[in-house]
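Peer 1: Protein chains in written order, with this note's numbering: chain A, 1 to 259; chain B, 1001 to 1132.
Keep in mind that the hints are not guaranteed to be accurate.
[What the hints assert, rightly or not] Within a straight-line C-alpha distance of at most 25 Å, the following computed DSS-like cross-link-like pairs (lysine-lysine) qualify: (1) A:K203 to A:K45; (2) A:K239 to A:K186; (3) A:K122 to A:K146; (4) B:K1057 to A:K76; (5) A:K76 to B:K1060; (6) B:K1083 to A:K73; (7) A:K239 to A:K45; (8) A:K76 to B:K1052; (9) A:K14 to B:K1052.
Honestly, the hints are just simulated from the structure, not real lab data. Since the model is a prediction, treat every value here as computed from it, not as a measurement.
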Amino acid sequence: MIDPRISIIDERLKEIDRIIAVSSGKGGVGKSLIASTLALSLAKKGYSVGLFDLDFTSPSTHAILGIRDERPKEEKGIVPPRVHGLKYMSITYYSHDLATPLRGADVSNALVELLSTTRWGKLSYLVLDMPPGIGDATLDAVRFIKNIEFLIVTTPSRLAFETVKKLVTLLRALRVPVLGVVENMKMNDSKTIQQETQKLGLKFLEEIPYDSMVEAAIGDPDKLLQTTLADKVKRLCSKILETQASTRLAGEQGRKRKV
Amino acid sequence: MHEWALAEAVITAASEIAEREGLKQVTRVTIRVGELQQVESAILEFALSQLKTARFKRAKFEVETEKARLRCRVCGHTWVFSKRNLDQATLEAIHFVPEIAHAYVKCPNCASPDFEIEQGRGLWLQTVRGVK
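Can you make the complete structure from the sequences, with help from the hints?
Peer 2: Encoded structure:
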C-alpha cells in the first residue's frame, strides 16, 4: 500500500520559486517573529509571498499576524486566505485555541495532508515557520519539499548555538542548502556567534538587537514592521535575494527526492 | 471539494505505478480511505472519473472505507471513532486535517487526549491492475 498524497506534493509546490524554512536548534529564539516579519517584508517589496506555520503543536504566527475570522476556501483542495498581503496557512484554522498534542507520526501525517491539499498557486516565496530542532517536522519538510532552503535563527547564547551545530550537521548530511545564520535578541556587541558561524563555513547574515518594542507589536503587523527587528529583517531580505542563484543551484544538484 | 485534491493524488500516484510497471491500460484501482478522513466516496469517485487520463479509460475505481479505531496511550482503552457528540465545525476540521482529532476527541475511559489512531486514518492506494 502506498500513500498517494505524497505523489501530488511536487505538483502543489511547482509554482513557488523559493521555499525558505526558518529554523533553529532550540525553541524560544524568535523564529516565528522572524519568519512572519520576513514574509511581510518580502510582500512589502512587491513579491507574492506565502507563510505556512509548520509548528503544529505550538503555532504562534496566527497571534503575531492577529488572525481573527479569516478561513481557507475549499476549492478542489484548500486555498489559503490572503492576510496582510500574505497567503497564510496554519493548523489553527482547524484547531483554534485548543491544545493539539501530536506525536511524530501524527505530525508527519498532518504535514503530508496539508502539503497535498493546500493550493498555494503562484508564489515568489513561501516562508515556513518551523518547529525547533531536528525532529519529524524538519525531517519531513526536507523529505517532501524538494527545493527547500534553510535560514537558521539563534540567540547569542552558546547553548542555542550548540543546537545549531547539530541542525547544520543534519542539513549538510541531507544536502540541503543553508542560507546562513541570524543572531537574534543580541544584548551586547559580542562577536562569538559570528565567529562560530564562520567556523562552520556558513554566512552570518544579520544580527538583531533585543527589541523591547516587539512584544507590543504582536497581533499588529503594521506596528511590527516599524520595529528595529523589522529594519534588520528588511536588510536580511536583501541578502536573501542576493543568495538566490548560488544556493538554488547547489540544492538542485545535490538533492533528488525519492518517494 | 477536498476530495478533488485527494483524487488528483490518487491519479498521479497510480500513473507513476502504471508507468513503472509498464501498464498501458489500467483496469482496476483499489483505494482505502480511513473513516477519520470522512471522505465522501461518491464525491471521490466522481472526481476520479473526471480526472482520469487516457491510460485510465477502462479503469474501475473501488473505494473502501476503513473503520477508525483509537487506543488510549494512558489507560489502554480501545474505542471506535464516532461522529456523535461532535458538532459540524469539529467534524469539518477533522475532515481537513484528521490529526486535529487530538484537539477534540478524548479517551471515553480516562479523558486523555493522548491516543493512537490504530486504524482508519489516511488514504491508501492498495492495488493498481492493468494490461501491459
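Peer 1: Which hints from the list above does the structure break, by number from lowest to highest?
Peer 2: none
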